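Chains as they are written, first to last, in the working numbering: chain A, 1 to 221; chain B, 1001 to 1221; chain C, 2001 to 2221; chain D, 3001 to 3221; chain E, 4001 to 4221; chain F, 5001 to 5221; chain G, 6001 to 6221; chain H, 7001 to 7221.
These are computed hints drawn from the structure, not numbers from a lab.
On a predicted model such as this, the values are computed, not experimentally measured, just so you know.
Idealized CB from N, CA, C, for every residue including glycine.
One thing to keep in mind: the hints can contain errors.
As the list claims (entries may be wrong) - Partial chain A-side listing against chain F, Cβ under 10 Å, derived:
{"#": "1", "residue": "A3"}
{"#": "2", "residue": "I5"}
{"#": "3", "residue": "I65"}
{"#": "4", "residue": "I66"}
{"#": "5", "residue": "Y67"}
{"#": "6", "residue": "Y68"}
{"#": "7", "residue": "A70"}
{"#": "8", "residue": "A125"}
{"#": "9", "residue": "G175"}
Number of protein chains: 8
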Amino acid sequence: DFAKIDHHRKIRQGMSEVVFCEGKTEQQVLKIFERMIEKGEVNIIGTRASKELYEYLKENLKEDIIYYEAARIVCAKRVEIKKNPKGHVAVVSAGTADLKVAEEAAVILEILGNNVKRIYDVGVAGIHRLFSHLDEIQSANAVVAVAGMEGALASVVAGLVSRPVIAVPTSVGYGANFKGLSALLTMLNSCANGVAVVNIDNGFGAAVVAHMINSLANGNL
Amino acid sequence: DFAKIDHHRKIRQGMSEVVFCEGKTEQQVLKIFERMIEKGEVNIIGTRASKELYEYLKENLKEDIIYYEAARIVCAKRVEIKKNPKGHVAVVSAGTADLKVAEEAAVILEILGNNVKRIYDVGVAGIHRLFSHLDEIQSANAVVAVAGMEGALASVVAGLVSRPVIAVPTSVGYGANFKGLSALLTMLNSCANGVAVVNIDNGFGAAVVAHMINSLANGNL
Amino acid sequence: DFAKIDHHRKIRQGMSEVVFCEGKTEQQVLKIFERMIEKGEVNIIGTRASKELYEYLKENLKEDIIYYEAARIVCAKRVEIKKNPKGHVAVVSAGTADLKVAEEAAVILEILGNNVKRIYDVGVAGIHRLFSHLDEIQSANAVVAVAGMEGALASVVAGLVSRPVIAVPTSVGYGANFKGLSALLTMLNSCANGVAVVNIDNGFGAAVVAHMINSLANGNL
Amino acid sequence: DFAKIDHHRKIRQGMSEVVFCEGKTEQQVLKIFERMIEKGEVNIIGTRASKELYEYLKENLKEDIIYYEAARIVCAKRVEIKKNPKGHVAVVSAGTADLKVAEEAAVILEILGNNVKRIYDVGVAGIHRLFSHLDEIQSANAVVAVAGMEGALASVVAGLVSRPVIAVPTSVGYGANFKGLSALLTMLNSCANGVAVVNIDNGFGAAVVAHMINSLANGNL
Amino acid sequence: DFAKIDHHRKIRQGMSEVVFCEGKTEQQVLKIFERMIEKGEVNIIGTRASKELYEYLKENLKEDIIYYEAARIVCAKRVEIKKNPKGHVAVVSAGTADLKVAEEAAVILEILGNNVKRIYDVGVAGIHRLFSHLDEIQSANAVVAVAGMEGALASVVAGLVSRPVIAVPTSVGYGANFKGLSALLTMLNSCANGVAVVNIDNGFGAAVVAHMINSLANGNL
Amino acid sequence: DFAKIDHHRKIRQGMSEVVFCEGKTEQQVLKIFERMIEKGEVNIIGTRASKELYEYLKENLKEDIIYYEAARIVCAKRVEIKKNPKGHVAVVSAGTADLKVAEEAAVILEILGNNVKRIYDVGVAGIHRLFSHLDEIQSANAVVAVAGMEGALASVVAGLVSRPVIAVPTSVGYGANFKGLSALLTMLNSCANGVAVVNIDNGFGAAVVAHMINSLANGNL
Amino acid sequence: DFAKIDHHRKIRQGMSEVVFCEGKTEQQVLKIFERMIEKGEVNIIGTRASKELYEYLKENLKEDIIYYEAARIVCAKRVEIKKNPKGHVAVVSAGTADLKVAEEAAVILEILGNNVKRIYDVGVAGIHRLFSHLDEIQSANAVVAVAGMEGALASVVAGLVSRPVIAVPTSVGYGANFKGLSALLTMLNSCANGVAVVNIDNGFGAAVVAHMINSLANGNL
Amino acid sequence: DFAKIDHHRKIRQGMSEVVFCEGKTEQQVLKIFERMIEKGEVNIIGTRASKELYEYLKENLKEDIIYYEAARIVCAKRVEIKKNPKGHVAVVSAGTADLKVAEEAAVILEILGNNVKRIYDVGVAGIHRLFSHLDEIQSANAVVAVAGMEGALASVVAGLVSRPVIAVPTSVGYGANFKGLSALLTMLNSCANGVAVVNIDNGFGAAVVAHMINSLANGNL
Ligand SMILES: Nc1ncnc2c1ncn2[C@@H]1O[C@H](COP(=O)(O)O)[C@@H](O)[C@H]1O
Ligand SMILES: Nc1ncnc2c1ncn2[C@@H]1O[C@H](COP(=O)(O)O)[C@@H](O)[C@H]1O
Ligand SMILES: Nc1ncnc2c1ncn2[C@@H]1O[C@H](COP(=O)(O)O)[C@@H](O)[C@H]1O
Ligand SMILES: Nc1ncnc2c1ncn2[C@@H]1O[C@H](COP(=O)(O)O)[C@@H](O)[C@H]1O
Ligand SMILES: [Mg+2]
Ligand SMILES: [Mg+2]
Ligand SMILES: [Mg+2]
Ligand SMILES: [Mg+2]
Ligand SMILES: [Mg+2]
Ligand SMILES: [Mg+2]
Ligand SMILES: [Mg+2]
Ligand SMILES: [Mg+2]
């Protein structure tokens, strides 16, 4: 028995187990989705899902399934759930190549019921691009800041807002970037207040934390 | 001019600049405190303050100053500020040696106006100790989880609650601990949802994030 | 002469040399198996064997050969050897993606004559899954604990049992996991008593140690 | 309350919590010893205890306390416990400078009731020194192999015995030794069967695993 | 003969050898200074000079010697040399604790004949502090940017100017800062154009490069 | 909107944004080039461009586009811009395999209007090859020094010239080279004066800094 | 001009430049071979040569060319040169997978005129295999010791001989082997006298050093 | 019994065991020296010996003992042994701060009976200093090259000689030097032929290898 699905998680954590598809066979993912559907779960999410996996699932799963291509996310039994109507989460990213990770965060946030504002390609090399969106960032209940290379965006943003900044280092870069280590260390050493960090490329993890914060701000959870 | 104090920070971030005392001379810290007092700031905080520094400040500063020894924190012009009355923040720690970092978080949280519940020495080697405090942890608006060595506590706690867990790796340990690297990597790779991480031994940083979350949950900020 | 097979190992160590197939050509593995068969060895094992290698050996070897696909193990001249009848070894794993490594350990243990109980996908994110199998774990003569990502499972298990826990970090994860480094450091720094660690993804090595322990508990070896 | 002593550990794990003294104040260690004595625990052990700490405890504790200087261990309420009479554990070390770690392992093993044979300074640079003690090593129920610098001793020993080798890398060395990393990696990558590894300088941890194995071989535990 | 002073360097490189005092005995530094004076060199500089070393040299050297305390620099036979009259070099630093390194750069630049503008404690946590000095930075012929912790200052500055930015990571910080590694990687991975980096804490090296650039801009060298 | 092109950069930095093509889709690069052409920008450069990308752009872009194959650079709307007529920049490389990076630097420098002298394959293993080109190197306004493996070239060159040396470590090498780390550390620790370093394989970045220096020496910028 | 062949090297170093083929195009290698032949060089060697490269050269080069497949070496204008008749060099390797590196060393040694004794697959897991070849190892003028995984072979061999041991770590292994780092550190930290180390997988480099030593022992060079 | 002296080593390796004094108590070193003297050994060497240790030994040992202060070496029962009369070993060092390591090599070489030429402070920043000693370097039977910081000296020297270069990286430097890692990697990745490397600061190890080579060149050993 290769998987013991944590059906109890929704009760404990307010959301079902999310399937990390990388490193699982198509058959394993299908089986897990089927068992979750059987148990009556909704908004069953798979992250790191290739287009091929999506097509395999569409073919073989009895239920409808949606694919968010830029975010590499599949979602079955998609329903509107209790919304967080007050305010929004801002997802800010530094460069074009960070798109995949930023979209992973943004789509997860939306499925979980949050309003999202996307502010992409505003890295510090041309800092005026960031300042022209300051309003949407400062008014958010939480900010997800996505950046590769030197990852300086998170510190600059955190210095300008009074809400938590969840920083996501990405593996975008080369050489002394060491697959994201550079951005990771930058974010952990931020001299600005209010930054907490998740794993390299972990848009999903940042979205969950931001969703929890936004839910608290909405009096939910 | 060695310091440009960010007097504007209170407006931007809801709290004054906090002085990181390590690596500054006693004279520099004194000067910074004096200038902040002049500007009318209150609850002026210095972290990583040795007992010697505290005594120097007590002697030379015109204002009262308090020392939180276990937390290595000094505070001048201590006043009650707008409280976050609803709920509390839980500060959970794994071992006795993590005390300094946990107290840094707890004291900062209290000065910023949060109710704090301390649950110390509940590391996973004897996991029943954690379970016997589950209520206080699950009912918190945010959890600060402090652990050295392998830092497994953060994952276990996060798997049991629906609120954000701010994880603080500590440098407690030896050998392949590499001064906290081990606990840091553990926390960044948490398989549980809802964990975000701050720098090794950064109790202060975790407290600020948890305070922001608790304030949102209280409708403040 | 590319290989000096250690035919004496069975006498010294109670088990024949096991062939690590990765990095060897099909011809080299075949030659080694043939020479071991000539010398009268039984239960000749190859680890890290691809399906292609298995098929090549089946075609070219004069003897029957078995393939354990999930474990990536081939075995020629499979016979029942002296069993360890008293008790069992528990193989515990954290997630679905750790299956390959867990199965490598489990199959090696079985070929060497041990009863094995498999308890898979019980990672600490949903710790109740572990507790519902506590009996099988606590009654084992030795536990093999397999986990990637943050690898916290080994510490939690070791805190609950009085027998040796052989911990196997896996390379499952991404980003700051650094191909298993994260789980490796976690396990080496365990705050729980009774944990010893083998190389990343080394299910084979853990099985050998657990087999030696179980044999001692059975009065063998 | 800085410490929640795990009084239940003896039941779960067959031995009381052992106090890691490094990083605790003398007062904290004293308090923990007093509370354990109150609860009726015996053979209360403190590791990494300086001579100063020992003298402080001797002065202030109402009970007798013993100091094992080379091992840096204190022990209060020392009593003979259920012995493992059959066979012994061999503690093998590579060089003179590994003495502290080897003695930590040996003394812990003796307090826990095991017969210990010490075979010190038999590193691979003069491998005949090892061979002249082969009997005592091959007849042991478990071997603790302690080595710094390149740590090759563990592989050589493991290639010669049929029982588990618990390898302890030490921080002895300089330069590219990187405080024990070199020996640690050597031991994790052992090409010999039957090696499991504990943290750098963790003589205590190796002793506990070896004790568990020897107990199983004696039908105890 | 412990030192072969490179008296030819002035001809090759336009400046005499500078003595790195750390790791040399007081006697060695004295001897080197004496021999350089004999050869008629002027503006003989020692970096990383402690106050004790300065006092020893003052006592024993026949020539006047100046101490720049914040910069930890000694200078013998101080004379005005050919100035770079057009324009200036800006030395920008992130925090109070970066002072030592920033001053090392600034003093070296001044001794070598450059106008220097110091703009200290303008790190990105309060980015308005930087913007209020933009004029002096944008009009410089070269910028030396000194920052520890996450070192984001260099990228932000480089995005705003059209002249070379010589970035100096400092070892200021703790934990995942890894003694300056974090700031070093940030600066090497800068997404802004025109950044080149020197070693951690190497204010001296940055000053030499900036001096060469300013000299070229002045038509000298 | 995946890209916010920094059209203002030419004003701030004297050169347009350069497109880093790696990690962008062909469609994304095309779109960016089209939008820059619309805005009237010239000499629009893409780095890390594969031959396939070049052919795609040639097909789909309305403007002429040039491909510099060895440098992996595409350039649209190529025009002569204000030249730096006085002097040149020397691009020096250690081995044949460093060609790609050296050419990236040389071509960027030429497009930006600099005279370039290429001196390739003059690594320190046969140091006479370097000495026979000393004139061209010593007379340059700036030197770009490109080297992989141990990267010693930068130090040797810097010891011989009075102008800034921009050092580019390359990922050429194997084993303990760790993908360029070895050359990077060498260059950062140079005992010669006047070396500043850019990221591994970052020929582009070095070219920009050298261009800025050469422009200053020409009285431009 | 992509290559400045060091034709002078034979005079300076007693052997022609050897071509490292990895990372060069087939055309580049061909051109270099042609130019060396033109200059009258003999025994022109290319290392890291794939079978494809060999076939391309055979087709296009006017001279005969030999391929040593296991060693991945091509050699043009192969002639017997001045031999080192007295004694031999021993090439010792730990496992089957180290063959490629060991053969690189052995073939280079033979082309350079040395007698070579190959002693392969004698790793420390079965140390009797090494002892049964002790004569050939102890009588060598120099030993090349090739090993991956934990690389303990070099220390054990060096402890048994009075001649220099040139140790070659290989990238054979997985997990905490970190592509040869483990064996490299082992060899650098050898507790035995007389070990010097070359880069990971650098059979060529070891052969050159061993050849120089053997030549000295033969009174040549 | 803390030490098993390898009295057989002289027979196996031509030289007695050398005592590494760091990390041993004064009593332990004394005991070891006494036992070696008893056995009739001569030229008993202790490395890494502080002046205090030397004085302790002088006081307590019945035999004469010599102290080489710059080399931190003690030697008891100093006698002339079989010399290597033909030729010499060159010890070359880069900077003043490398003196300790260079002297360790030079003194060991002399005690073992080799002629030594010292050529110190000839680092590549002023490469003419090296060239003016080329004769003594090129005529040596072996070269020991000692360098810290970027360690480029070894490559440059090896490119100029036809004999083996034993490279010793030193921990001299700061920042990205990482305690000698930088020089170590440089030397391992040398693009010049004939370099083999020992551990950081291991002057002793280099001396032994160079002594073995010089002995072979003298027909001894
Ligand atoms: N999966 C595995 N992981 C680690 N070691 C293994 C594995 N399979 C076999 N081995 C061991 O690796 C060695 C085989 O080395 P070789 O001579 O290269 O076949 C033997 O000592 C085996 O016991
Ligand atoms: N020398 C040692 N090395 C590693 N762990 C130890 C050592 N001594 C005691 N321990 C363990 O460390 C834990 C003590 O943690 P603490 O609560 O900080 O006293 C206990 O679980 C002990 O079993
Ligand atoms: N603070 C410094 N950081 C880096 N290099 C320096 C510093 N001060 C002097 N140097 C250089 O270090 C070399 C001095 O080396 P030494 O022969 O050890 O005095 C000279 O080339 C100096 O130009
Ligand atoms: N080869 C290169 N290496 C480093 N940075 C580059 C390179 N080519 C372009 N850039 C810079 O990378 C940034 C482009 O980022 P993006 O928004 O992802 O296109 C711009 O600031 C460029 O100036
Ligand atoms: Mg962009
Ligand atoms: Mg405790
Ligand atoms: Mg699962
Ligand atoms: Mg010894
Ligand atoms: Mg400040
Ligand atoms: Mg070349
Ligand atoms: Mg083998
Ligand atoms: Mg010098």
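Taking the hints in turn, this is what the structure says about them:
1. A3: violated (33 Å)
2. I5: For I5 (chain A), the interface hint is violated, since the closest Cβ of chain F sits about 35 Å away, which is over 10 Å.
3. I65: The hint is violated - I65 (chain A) has no Cβ within 10 Å of chain F, the shortest such distance being about 25 Å.
4. I66: violated (21 Å)
5. Y67: Violated, about 17 Å.
6. Y68: Violated, because the Cβ-Cβ distance from Y68 (chain A) to chain F comes to roughly 15 Å (cut-off 10 Å).
7. A70: holds (9 Å)
8. A125: holds (7 Å)
9. G175: holds (3 Å)
Violated hints, listed in ascending order, are 1, 2, 3, 4, 5 and 6; each of the other numbered hints is respected by the structure.
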